[in-house]
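Chemist: These are the residues of each chain, in order.
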Amino acid sequence: MKIVTVSGPPSSGKTSVIIKTIEYLKKDQLEIGVVKFDSLSTYDDEMYKKLGVKVKVGLSGNLCPDHYYMTNIEDSVKWGISEKLDMLISESAGLCNRCSPHIRDVLAICVIDNLSGINTPKKIGPMLRLADIVVITKGDIVSQAEREVFAFRAKQSSPRASIIFINGITGQGAYDLSLRLKEANDYESVIDKKLRFSMPAAVCSYCTGEIRIGEKYQTGNIKKIKL
Amino acid sequence: MAKEDLASFKLGELLAQYDYARDFFISIGINDIDSNRSLKDFAGDINQELLEDAGLNGEQLITNFLAFIDKMETLKKSSCNIVESITIIGGNDKFGQEENIKLELKVGEVISIVGPTGSGKSRLLADIECLAQRDTPTNRQILLNGEIPDMNRRFSIENKLVAQLSQNMNFVMDLSVNDFIKLHAESRMIDHVEKVVQEIVKCANELAGEKFTRDTPLTQLSGGQSRALMIADTALLSLSPIVLIDEIENAGIDRKKAIELLLKEEKLVLISTHDPVLALMGDKRLVIKNGGIHKIIVLSEQEKQYIDVLEKIDKKMLQIRSHLRNGGVIDESITR
Ligand SMILES: Nc1nc2c(ncn2[C@@H]2O[C@H](COP(=O)(O)OP(=O)(O)OP(=O)(O)O)[C@@H](O)[C@H]2O)c(=O)[nH]1
Ligand SMILES: Nc1ncnc2c1ncn2[C@@H]1O[C@H](COP(=O)(O)OP(=O)(O)OP(=O)(O)O)[C@@H](O)[C@H]1O
Ligand SMILES: [Mg+2]
Ligand SMILES: [Mg+2]
Ligand SMILES: [Zn+2]
Ligand SMILES: [Zn+2]
Numbered sequence: 002m003k004i005v006t007v008s009g010p011p012s013s014g015k016t017s018v019i020i021k022t023i024e025y026l027k028k029d030q031l032e033i034g035v036v037k038f039d040s041l042s043t044y045d046d047e048m049y050k051k052l053g054v055k056v057k058v059g060l061s062g063n064l065c066p067d068h069y070y071m072t073n074i075e076d077s078v079k080w081g082i083s084e085k086l087d088m089l090i091s092e093s094a095g096l097c098n099r100c101s102p103h104i105r106d107v108l109a110i111c112v113i114d115n116l117s118g119i120n121t122p123k124k125i126g127p128m129l130r131l132a133d134i135v136v137i138t139k140g141d142i143v144s145q146a147e148r149e150v151f152a153f154r155a156k157q158s159s160p161r162a163s164i165i166f167i168n169g170i171t172g173q174g175a176y177d178l179s180l181r182l183k184e185a186n187d188y189e190s191v192i193d194k195k196l197r198f199s200m201p202a203a204v205c206s207y208c209t210g211e212i213r214i215g216e217k218y219q220t221g222n223i224k225k226i227k228l
Numbered sequence: 008m009a010k011e012d013l014a015s016f017k018l019g020e021l022l023a024q025y026d027y028a029r030d031f032f033i034s035i036g037i038n039d040i041d042s043n044r045s046l047k048d049f050a051g052d053i054n055q056e057l058l059e060d061a062g063l064n065g066e067q068l069i070t071n072f073l074a075f076i077d078k079m080e081t082l083k084k085s086s087c088n089i090v091e092s093i094t095i096i097g098g099n100d101k102f103g104q105e106e107n108i109k110l111e112l113k114v115g116e117v118i119s120i121v122g123p124t125g126s127g128k129s130r131l132l133a134d135i136e137c138l139a140q141r142d143t144p145t146n147r148q149i150l151l152n153g154e155i156p157d158m159n160r161r162f163s164i165e166n167k168l169v170a171q172l173s174q175n176m177n178f179v180m181d182l183s184v185n186d187f188i189k190l191h192a193e194s195r196m197i198d199h200v201e202k203v204v205q206e207i208v209k210c211a212n213e214l215a216g217e218k219f220t221r222d223t224p225l226t227q228l229s230g231g232q233s234r235a236l237m238i239a240d241t242a243l244l245s246l247s248p249i250v251l252i253d254e255i256e257n258a259g260i261d262r263k264k265a266i267e268l269l270l271k272e273e274k275l276v277l278i279s280t281h282d283p284v285l286a287l288m289g290d291k292r293l294v295i296k297n298g299g300i301h302k303i304i305v306l307s308e309q310e311k312q313y314i315d316v317l318e319k320i321d322k323k324m325l326q327i328r329s330h331l332r333n334g335g336v337i338d339e340s341i342t343r
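Sequence order for the protein chains is L and W. Here this note's numbering is used: the first residue of the first sequence is 2, the next is one more, and so on. Here this note's numbering is used: the first residue of the second sequence is 8, the next is one more, and so on.
Calculated from the structure, these hints are not laboratory results. There may be inaccurate statements among the hints.
Derived EDC-like pairs (lysine to aspartate or glutamate); straight-line CA-CA distance at most 20 Å [claimed, not checked]:
| # | chain 1 | residue 1 | chain 2 | residue 2 |
| --- | --- | --- | --- | --- |
| 1 | L | 123 | W | 181 |
| 2 | L | 124 | W | 157 |
| 3 | L | 123 | W | 30 |
| 4 | L | 124 | W | 253 |
| 5 | L | 224 | W | 59 |
| 6 | L | 123 | W | 59 |
| 7 | W | 202 | W | 272 |
| 8 | W | 263 | W | 321 |
| 9 | W | 291 | W | 253 |
| 10 | L | 225 | W | 59 |
| 11 | L | 183 | W | 272 |
| 12 | L | 225 | W | 56 |
| 13 | W | 311 | W | 321 |
Computed Cβ-Cβ distance ranges for the label pairs, DEER-style [what the hints assert, rightly or not]:
| # | chain 1 | residue 1 | chain 2 | residue 2 | range |
| --- | --- | --- | --- | --- | --- |
| 14 | W | 30 | L | 72 | 35 to 41 Å |
| 15 | L | 193 | W | 221 | 53 to 59 Å |
| 16 | W | 202 | L | 72 | 54 to 60 Å |
| 17 | W | 105 | L | 47 | 35 to 41 Å |
| 18 | L | 75 | W | 74 | 29 to 35 Å |
| 19 | W | 74 | L | 42 | 34 to 40 Å |
| 20 | W | 52 | L | 75 | 31 to 37 Å |
| 21 | L | 200 | W | 20 | 51 to 57 Å |
| 22 | W | 12 | L | 210 | 48 to 54 Å |
Using N, Cα and C, we set each Cβ at its ideal position, and we do this for glycine too.
The following block holds chain L by itself, in its conformation from the complex (with noise of 0.2 Å):
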């Protein structure tokens, strides 16, 4: 089964990439499957049903995002290969910057928008940096000059990457990536792959449902901002 990692800032597109993107790879009869991770609630899922593939949501509620992905990820392979799947999409909005939800060796898709503003591909950390194909939406809006500047910023933050546009309400440009993904590699498990880099860590005391504000109540894992 090809699995591919797709990841994201809230609302840049992924999941209108991703079902355009679907829409050309049907055409080659390939049985395909996603999983939506999110924190509270999500959507995609009736999008996803409604083009008619299958389709399962994971909500990490008040454990950090990252860590729910990253615990959940081979029971998604898992079953993905109980249904017979050829390919296995997994969705994930970064929720923060440092977000770090790619695997080695599997293909990794970042979605950027081209409203987020221009100083975004420098401060999104290891979700776009070492992501293989970064994908900028939402080029329809914008000028040509700042598309430019924009994708150029990308590729600064991201040189390794191939940089892929792609209109995510007509799917201009997702042939393209369908391409991409006909050649992601095969897993039967993901069991031993490693994180391309570290989650962020999150064991401080708030982590634990702490909820006072004051030195005395901090533990762990603490970082000060300098003033």
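Could you slot chain W with the ligands onto chain L? The hints should help.
Modeler: Showing chain W with the ligands alone in chain L's frame:
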């Protein structure tokens, strides 16, 4: 210096040779660079905190840096004259009828695309933009310089062939005209930034009705001024040799000058339009019907003779428009 060795050179030397290399470090949050150390040394004992901030480990830092230098060098070298022609090989219209054409379009030409609403003008532009290979609803194929384009080309931004302008596009950056153009120029890594900024503002002002200055915030430009700036900027700063224009008529800019400006920069210009004056600016006119290219009309000497007349009618309409805008009323004088 050989690429693989770059990591062993002193950072100071690297920065001297590749002036943009500093951007790489700044963009990953590394501001203090010890110029006497090599990238290898630097990446080898980078401290945990810095590593966290960069979001890259030592090895990844080196890989990304080498890829960065490589891409920036290619970008610097790439010129826009790599495309001389595109060829449209017909597919089928909305009813499955074959289009049966093979049409070569050359850099330096203006092609207008006309046809009823919903006939498929924008679709044709989209086919060109994505270098369709019988993989779009029209089944058209696009060749570059007479050959099937290299797939890698579809994925690399330094070779992005097509610039697009349409009525839906707006500036979203919160910058002055000056800072904006500078930013674009810097991303092209050209040397004469100041000159280009001046030139673009000058050209844009020649196209737009109302003048604007370099200090105007982008978001305060009128629709016509924005469009004029986009065109001038595309002509003078975009690398892409092919320019696709989808409906710019109502923007209140000097369309003729705009097209001339783009042509001066050796571009192939395709314009989808409902506007008669723009339609006649094309050396060739593609007539679209039911999703297919129905007819190709070469601008004839006879048509050329009447362009003046069309322009006069157009001017008259513009006059009436501005008359009404300024609170005028229509009387029998419009028949003169
Ligand atoms: N104009 C324009 N809108 C787009 C484009 N791509 C996506 N959108 C719109 O952007 C909004 C968000 O798109 P989604 O695909 O739901 O984004 P997402 O990244 O999946 O969002 P979450 O899963 O909620 O994080 C939707 O309203 C889309 O229609 C694009 O290329 N152009
Ligand atoms: N040959 C074709 N086969 C199938 N569908 C087509 C074909 N050509 C165009 N279409 C589809 O027809 C629809 C209308 O086309 P398009 O938007 O290009 O029209 P248009 O001429 O630009 O209209 P307008 O003047 O209103 O902008 C689109 O959904 C397009 O994908
Ligand atoms: Mg989504
Ligand atoms: Mg149209
Ligand atoms: Zn995160
Ligand atoms: Zn915590």
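Chemist: Now, for every hint given, state plainly whether the structure supports it.
Modeler: Status of each hint after checking the structure:
no., hint, result
1, L:123 / W:181, "17 Å, holds"
2, L:124 / W:157, "33 Å, violated"
3, L:123 / W:30, "10 Å, holds"
4, L:124 / W:253, "34 Å, violated"
5, L:224 / W:59, "12 Å, holds"
6, L:123 / W:59, "14 Å, holds"
7, W:202 / W:272, "16 Å, holds"
8, W:263 / W:321, "12 Å, holds"
9, W:291 / W:253, "16 Å, holds"
10, L:225 / W:59, "14 Å, holds"
11, L:183 / W:272, "39 Å, violated"
12, L:225 / W:56, "12 Å, holds"
13, W:311 / W:321, "16 Å, holds"
14, W:30 / L:72: 35 to 41 Å, "37 Å, holds"
15, L:193 / W:221: 53 to 59 Å, "58 Å, holds"
16, W:202 / L:72: 54 to 60 Å, "56 Å, holds"
17, W:105 / L:47: 35 to 41 Å, "39 Å, holds"
18, L:75 / W:74: 29 to 35 Å, "30 Å, holds"
19, W:74 / L:42: 34 to 40 Å, "38 Å, holds"
20, W:52 / L:75: 31 to 37 Å, "34 Å, holds"
21, L:200 / W:20: 51 to 57 Å, "36 Å, violated"
22, W:12 / L:210: 48 to 54 Å, "52 Å, holds"
Consistency with the previously given hints fails for numbers 2, 4, 11 and 21, ordered from lowest to highest.
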